[in-house]
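Visitor: Go ahead and model the full structure; you've got the sequences and the hints to work with.
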Amino acid sequence: MDAALKRRLQARFGERLTAPIHQRHDQTEIRIGPGDVPDVVRTLHDEADFRFIVLADLAGVDTGSVMQVVYHLWSETSSDWLRVIADGLSREDPRVPSVTFLWKGAEWMEREAYDMFGITFEGNRDLRRIYMPPDYQSFPLRKDFFLPDDAARSPGAGVRHMEQSHTPTNAKAATLIRKTRA
Amino acid sequence: MTAMARSFSRLTLGGKILFTLGPILFLLTIGLVLLIAIAGKPIVDFLATNIWLVRFVVAATAVLLMSVPTAFLIIYMEMKIIALMNLRIGPDRVGPFGSLMSVIHGLKVLAKEDFSPTGADRLVFTLAPVAVFMSTIMALLVLPFAPGLFGADMNIGLLYLFAVSGLSVVGLLMAGWSSFNKYSLLGGLRSAAQVISYEIPLILSVVGLLLLAGTMSLNQIVVKQGGWFWNWYVFQQPLGALIFFIAATAEANRTPFDLTEADSEIVAGFATEYSGMRFGFFFFAEYVNVFVVSGLIVTLFFGGWNAPFPWPWPITLNIDPGSLGLGLLFAILIVPPLLILALAAPFYLGRSSMPWWQALIIGFVLFNLLVIVAITGWAFVSWNWVAGLMVFLGKSYLFVFTFVWMRGTLPRVRIDQLMGFAWKWLLPASLLNLFVTALALVVVNK
Amino acid sequence: MTAAPPHDHLHREVPSDDPRVQLDEAAGTFEPVPPYPPRTEREAEFYTLGDGEMFINMGPQHPSTHGVLRVVLKLDGENVVDLDPVLGYLHRGVEKLCENADYHHTIAYLDPLEYISSLFCEWPGVLAFEKLLDVEVPRRAEYIRVLATELNRILSHSLFMGWMALDLGGLTPILWSFIERDEIAEMLASLTGQRLLFNYLRIGGVNGDLNHDFMSRLGDWMTRATTQIDNNLGLLNQNEIFVRRMRGLGTMDKETAFRMAMTGPNLRASGVPLDFRRAHPYSVFPELEFDIPTRDEGDCLARYLVRIDEIKQSLRIIDQCLHNMPDGPIMAKLPRLLRPRPGRAYAAVEGPRGQYAAYVISDGTDQPFRMRIHDPSFVHLQAVGTLMPGHLIADAMAVMASLDPIMGGVDK
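Chains as they are written, first to last, in our numbering: chain A, 11 to 192; chain B, 4 to 449; chain C, 81 to 492.
Take every hint as true, because none was put in to throw you off.
Residues from chain C shown here face chain B by an in silico Cβ test under 7 Å; the list is partial:
id : residue
1  : Ile136
2  : Pro143
3  : Asp247
4  : Leu248
5  : Gly249
6  : Gly250
7  : Thr252
8  : Ala474
9  : Met477
Because the hints were derived from the structure by calculation, they are not lab data. Even for Gly, the Cβ is constructed at its ideal location relative to N, Cα and C.
Guide: Shown next, in the form of structure tokens:
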């Protein structure tokens, strides 16, 4: 636990934090509103006190009531992982500004979060599905994801198996008639 | 008789072949007999007056017939030698040490579906492998394998060879264009760029040699290199030989210049859409081409069928079996069984676990090998073309081995490095070679 | 009676003045252009052809895409103008699977992510769970973990050498490096029981103690490892064609590397000595001596050489582990059913490709509420978008090989 980092963070972002700074093991956690993400992240990245230049991870989270976007940052000024949580995204239309202006490498991680949670990252130039098919409609890692619903909506719904789609060429006439009647 | 009663479609594959080929052969035989009986004399007379026609047909047939085993042998070499370099075992199932594996590959491509992709230009797509294969085969026609053993001795042999082997790029381009596939197209264009660029240093590197030899006939070039091995042109034209070797590697599309079929970049290049025997033609042509290129290097720079020292042939062994009289008959009857027994005896006596019939089989095989070796050895020393052929093939396969070795060792160059190397290094070097040779000739002749 | 499946959007009307429709009509249906209107500006820009350009569809069955990756290349002749990687052919939904497995079972799901470096995929998950549970791992277990993972690192890097050469057209190095890989795989098989997906780390320790078979194999191999690796390197390092093709290719400077969120050897090849074994120490790495090899060039050759140097450092670490191996238990005392207190934990390790990380949220039940897996291959693969354009196809392959992505990890 890095108490100095906690003090610095408290001093710099005191009024923007939506929850008290939480520290456990080698992690320091701050929570901010989604609108503050670009400012806070840029400050963390640029200012000599922080210099969090490595984006270790970017993850979407569905807590069941709200959506979150979680950034993990590393800096040589601190021995802790800094976890920045953009908290309180609405579940109906989760929106958060993109961080691709700082880390171009966040682009695919944001695409993944969009693919899995439906979180829209404003400013990401290429926000489309990355793992799931482009015509897929559900968001699999949301807590309200329900597999039968998803199967009914998926592009594969109603597609017959390959064996069912052709009648055998050497089938007897009776079989053919039965198949056409069925 | 049941087989005859069955309808044709119900026959097995063997039956179908038998009942198709049998009648055809029968009719052909009858036709031939009738032809000879009716018009035998005029045909023979005609052929006797036009012996070049016979020679051409025989040579073409021989070259076609030898191309397939040559390809098989080189494919097997490539599989086995690269396997050993990779510390693998390689083919080891079919035939001794897996030596029939490439034959199985050949049968496999024959049995595959003859497939042409949607959107392909059928005619060009079908003709492309033929064009590639034919250009390679035609190049074989002028290679002097041994004294007196060549398809045709043209006084412009070398020119013909370059012209014909340059044709293969047309085939590759046809394949690349007609496949309706961008990988094929890229492969075809790459091969066109590559072959055309390397054709220039390839030809220029030989011009110095031509100045020295004063002839373009491959036979004459070989004859002029006779005697000791320092008469070979490689010692008078080392730079030319080096340039020729590199350019020939590129001409034959071999590693490190195998960009046309760079599998890690453009899948299989021009051959991406080919399967079955059409691909087989490309495949065979590539390996026959390796042999042609090796043979050409040997012919031009390494003395052709000349041995490295003045070969004292032909030695005539004065064996006259007829002088033995009735003894010859006895010898033929008695010597083989005796020798078989003599060869089998050590195995039978030396190994208590071996039954007598196994020892006899071993003895029989050894005896046959001995006879083959004796006959070959006799032919080798008494017929100069046999010796010449052996020397030529030995040298050629040494170069084939070098090509295989390079494939096992080197990575691939990039297309711009490839072109830059041809235009910036090989072309000036070959011009320099030509200039120095000409200057030396002028100085020496003065 | 069944209702019509709601995928009518597939048959959406496309305006006929759309350039892609004209393209389709001109060239048949073989263009790798998606059959729906572009969803983003980037997609619209990419799938519009300029003068003299063409698309080429590389993969998912291309020989050198390291698995089932599909890359749509926009080419001008042989020059790569732009590219659009299409992922998802190997997507298994590991994060979703982990949410429905209990903490012990999760480890088995982490294994096949990057099948070349399985232990490194398990490790961050296990570390994160240990943080959630406040478990103290016995020192012997930590040493065994370091020993096994460093062996896995060598395995991964020696395979990288082979692939790198194979993508440049060299046939032999891959088979030579497979000898190396096979010996280590056999070794780890006698330690863990499996050759590929080891499933060896456990929450609070490891699955089995060092055994005689493993130790004798390891001792035997260690005596000739350096010579053997140098032998393999001799094929490539002194090969003029190889060096000339790799040098100055796909250069990435320090700032770009940070901007691309790169870690591991790919970052160190750009001159940043960032290694989480030192930068954010975990396990027993503070007690071990090793250097962090870096290169300043940032090109493909540097990325290759950094990995080669890392093999040697890994050998050093293994040596120290064997000498300092303490006695004691290999597992912490833990209940069968784990119910950590609600909380969040993040753990990262330095793997052969970069930072492997896991982010776990617990809600007090025996299953993770959210399990986020961070894989370096996924992050590094997007760098091809900036590194490939402007190069020839052949170089594009070399660039991709030098980043060393494993599609199992990219597609999760």
